[in-house]
Amino acid sequence: MIWWIIYVCLGIGIVFNLLASLGLLRFPDVYTRLHAGTKCTTFGSIFIATAVMVYGLYEWWKGNDAMISMTVHSFLALLAILITNPTGAHAIARAAYRSGVKPAGAVVDELGGEKDD
Amino acid sequence: MRVFVSATILSFILWLLLTFNGSLWQADEILAGIVFSILAGLITAKINIKEHKNLSLTRWLMFIAYFPRFFYEMAKANFDVAYRVITGKIKPGIVKISPGLKNNLSVTLLANSITLTPGTLTVEVDEDKNLYVHWINVRDDFFQEHEEKCRCKYVCSTFPDWARRIGE
Numbered sequence: 001m002i003w004w005i006i007y008v009c010l011g012i013g014i015v016f017n018l019l020a021s022l023g024l025l026r027f028p029d030v031y032t033r034l035h036a037g038t039k040c041t042t043f044g045s046i047f048i049a050t051a052v053m054v055y056g057l058y059e060w061w062k063g064n065d066a067m068i069s070m071t072v073h074s075f076l077a078l079l080a081i082l083i084t085n086p087t088g089a090h091a092i093a094r095a096a097y098r099s100g101v102k103p104a105g106a107v108v109d110e111l112g113g114e115k116d117d
Numbered sequence: 001m002r003v004f005v006s007a008t009i010l011s012f013i014l015w016l017l018l019t020f021n022g023s024l025w026q027a028d029e030i031l032a033g034i035v036f037s038i039l040a041g042l043i044t045a046k047i048n049i050k051e052h053k054n055l056s057l058t059r060w061l062m063f064i065a066y067f068p069r070f071f072y073e074m075a076k077a078n079f080d081v082a083y084r085v086i087t088g089k090i091k092p093g094i095v096k097i098s099p100g101l102k103n104n105l106s107v108t109l110l111a112n113s114i115t116l117t118p119g120t121l122t123v124e125v126d127e128d129k130n131l132y133v134h135w136i137n138v139r140d141d142f143f144q145e146h147e148e149k150c151r152c153k154y155v156c157s158t159f160p161d162w163a164r165r166i167g168e
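Sequence order for the protein chains is A and B. Everything in the first sequence is counted per this note's numbering, starting at 1 for the first residue and increasing by one. Everything in the second sequence is counted per this note's numbering, starting at 1 for the first residue and increasing by one.
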């Protein structure tokens with residue numbers, strides 16, 4: 001039973017990471033690629049980290065005390081990803097816009113006049 | 001001083017969590033932890049935070065209550081982006097939203113929530129705390145909505161209300 005939870009979490013995580021790399025190839029410009037690269041990776045990472053956490057808890061419950069550190073470490077790694085991922089994506093998008101990259105195929109660009117301040 | 005104390009305590013807690021291995025900590029581990037946390041605190045002490053917020057329990061509880069709601073939105077949007085990756089049907093654009101938030105903490109929280117939700121990406125924030133969001137699939141009914149406040153709900157559902165409750 002516990003193994004099925006771990007396998008399902010790993011499966012979902014890997015599928016979303018695969019979709020993220022597919023999106024990096026398919027999308028036309030830097031902003032849409034950022035969407036694919038950062039978002040699907042976060043969702044994938046959450047599920048992969050959950051699988052590791054469940055496995056660590058299971059081993060700890062069986063009596064292997066040192067395995068709890070694996071759970072704590074992957075939880076901290078998950079928190080770090082959740083904080084740094086949007087910050088990094090924001091920084092890259094802002095830098096791209098400031099250096100004059102226009103969004104490809106955009107139907108609307110309400111930031112148009114804001115660039116030169 | 002305030003920054004030094006909070007940074008030291010936070011890095012010491014982080015140290016304790018990272019060195020925990022199922023049994024209690026040794027004395028030398030704790031000693032090294034104290035030395036390094038004070039070092040980290042000294043380095044970060046120069047950072048100047050303008051808007052201090054006092055520690056409030058309700059705000060933290062609200063923050064924890066925000067997680068399931070946020071995770072639901074994120075999961076829903078993730079499947080949407082996955083669909084767009086496979087089919088390639090995108091309609092990108094940069095839209096401006098005015099959530100009407102006042103302080104930096106709530107704007108940071110909202111901008112990070114928007115960026116973590118797939119399909120939307122905060123590109124810029126101006127002085128009046130309006131957010132410029134790159135949206136992978138701009139919906140048509142967004143433009144029919146002329147009320148500035150109501151426009152937010154298409155981009156980020158109820159996130160501004162949560163950000164206001166947590167941050168202000």
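A few of these clues could be false.
DMTMM-like, lysine to aspartate or glutamate: derived pairs with alpha carbons at most 25 Å apart [claimed, not checked]:
1. A:Lys102 with B:Asp28
2. B:Lys91 with A:Glu59
3. B:Lys129 with A:Glu110
Covered by chain B, according to a simulated footprint, are these stretches of chain A (three or more residues, beta-carbon under 8 Å) [as the list claims (entries may be wrong)]:
4. 5-13
5. 34-44
6. 48-57
Honestly, the hints are just simulated from the structure, not real lab data. Quick reminder that beta carbons are idealized off the backbone N, C-alpha and C, glycines included.
How the hints compare with the structure:
1. The straight-line distance between the Cα atoms of A:Lys102 and B:Asp28 is roughly 55 Å, outside the 25 Å bound, and the hint therefore fails.
2. Using a Cα cut-off of 25 Å, the hinted pair B:Lys91 and A:Glu59 is violated, with the two alpha carbons roughly 47 Å apart.
3. Straight-line distance between C-alpha atoms of B:Lys129 and A:Glu110 comes to about 15 Å, which keeps the hinted pair within the 25 Å bound.
4. Coverage of the segment 5-13 of chain A by chain B is violated. Counting CB-CB distances below 8 Å, 0 residues qualify, and the rule asks for three or more.
5. Only residues whose C-beta sits within less than 8 Å of a C-beta in chain B count toward coverage, and the segment 34-44 of chain A has 8 of them, enough to reach three; the restraint holds.
6. Beta-carbon proximity to chain B at under 8 Å applies to 0 residues in the segment 48-57 of chain A; the threshold of 3 is not reached and the given coverage is violated.
Hint violations for this structure: numbers 1, 2, 4 and 6, all remaining hints satisfied.
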